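J.: Sequence:
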Amino acid sequence: MGYKRSPTAMIIPGKAEPEKLSGWAAELEKRNLETVKTLYKALRDGHAEKLVKVVRTELEWWYHGPPHCEHMMRLLTGESTAKAFRFRPRRIRAVGDRVMVEGWEGEGEYWVHVWTLSHGIIAQLREYFNTFITVVLRVSEDGDEARLWRSSDRVRVRVHGSLPDLVLSV
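Residue 1 is where the sequence shown starts when you use UniProt numbering, and the numbers rise one by one after that.
Derived by calculation from the structure, the hints in this document are not laboratory data.
Predicted model, so just to flag it, every value in this text is computed and none were measured.
Hints may be right or wrong, so weigh each one.
Restricting the straight-line Cα-Cα distance to at most 25 Å, the calculated cross-link-like pairs of lysine-lysine (DSS-like) are [stated by the list, open to error]:
hint, residue 1, residue 2
1, 41, 30
2, 50, 83
3, 37, 83
4, 83, 41
5, 50, 37
6, 50, 30
7, 53, 30
8, 41, 53
9, 83, 53
10, 53, 37
Kindly generate the complete structure, drawing on both the sequences and the hints.
T.: Set out below in C-alpha cells:
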C-alpha cells in the first residue's frame, strides 16, 4: 500500500498562491473535523441515519489493542450500543485528510482514532486502544518526517504501567 500525500503538503505550481492554498487546506481540515464530530455525536445520540451519511459503506479498518476492546467497530456494525462503551473525545485535531481523536475514561480505557476522509466521507479508521500514537508525515524519499500529532502527555502521566508507543507514518 502506498501513501497518499496530505493536501497540506501538496505544492501545485501556478495553480494557487500560497495564501489561497493555505486557505483551501484550512477549509478542508475544518470540514473533515466537523464530519468526525458529527460521527461521535451520532454515535452518542444513537442516530444511525447520520452515520450512513458520513461513513463509507466499506470502511477500511485497522486495529491495535486487546481483542475485547474493539469497541468502535462493534458500534459501527451495530453489534453493540453506545451504552456498552462510550467514546468521549478529549482532544481532536485535523491535518489534511486525517483527523486524530483521543479519549480516555479511566485506567485501562485510553484510545486513539485516526480517521481518513475522502471527498468528505470517512474512508478509513485506524483504532488504537491502550496504545500511545505519534503520527508523522513522510515528506521525502530520504526518510525526512514531520510530526503531525502525538498522544497527550497528560494521558502518559495518568497511565499506570507501560503501554506500547507506535509511530504511524502517513
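J.: Hints first: check each against the structure and report whether it holds.
T.: Against the structure, the hints come out as follows:
1. In summary, the hint linking residue 41 to residue 30 is supported, as the alpha carbons are separated by about 16 Å, within the 25 Å threshold.
2. With a C-alpha separation of about 18 Å, the suggested pairing of residue 50 with residue 83 holds against the 25 Å cut-off.
3. Distance hint between residue 37 and residue 83 is fulfilled; the C-alpha atoms sit about 18 Å from each other, no more than 25 Å.
4. Under the criterion of a C-alpha separation no larger than 25 Å, the hint pairing residue 83 with residue 41 is consistent with the structure, at around 14 Å.
5. Between residue 50 and residue 37 the CA atoms are separated by roughly 11 Å; this keeps the pair inside 25 Å, and the hint holds.
6. Distance restraint check for residue 50 and residue 30: the Cα-Cα separation of roughly 19 Å lies within the 25 Å cut-off, and the hinted pair is therefore satisfied.
7. Between residue 53 and residue 30 the alpha-carbon distance is near 17 Å, which keeps this suggested pair within the 25 Å criterion.
8. For the hint linking residue 41 to residue 53, the alpha-carbon distance of about 13 Å falls within 25 Å, and the restraint holds.
9. Note on residue 83 and residue 53: the hinted pairing holds, with a Cα-Cα distance of about 22 Å set against a maximum of 25 Å.
10. Pair hint residue 53 plus residue 37 holds up; C-alpha atoms about 13 Å apart against a cutoff of 25 Å.
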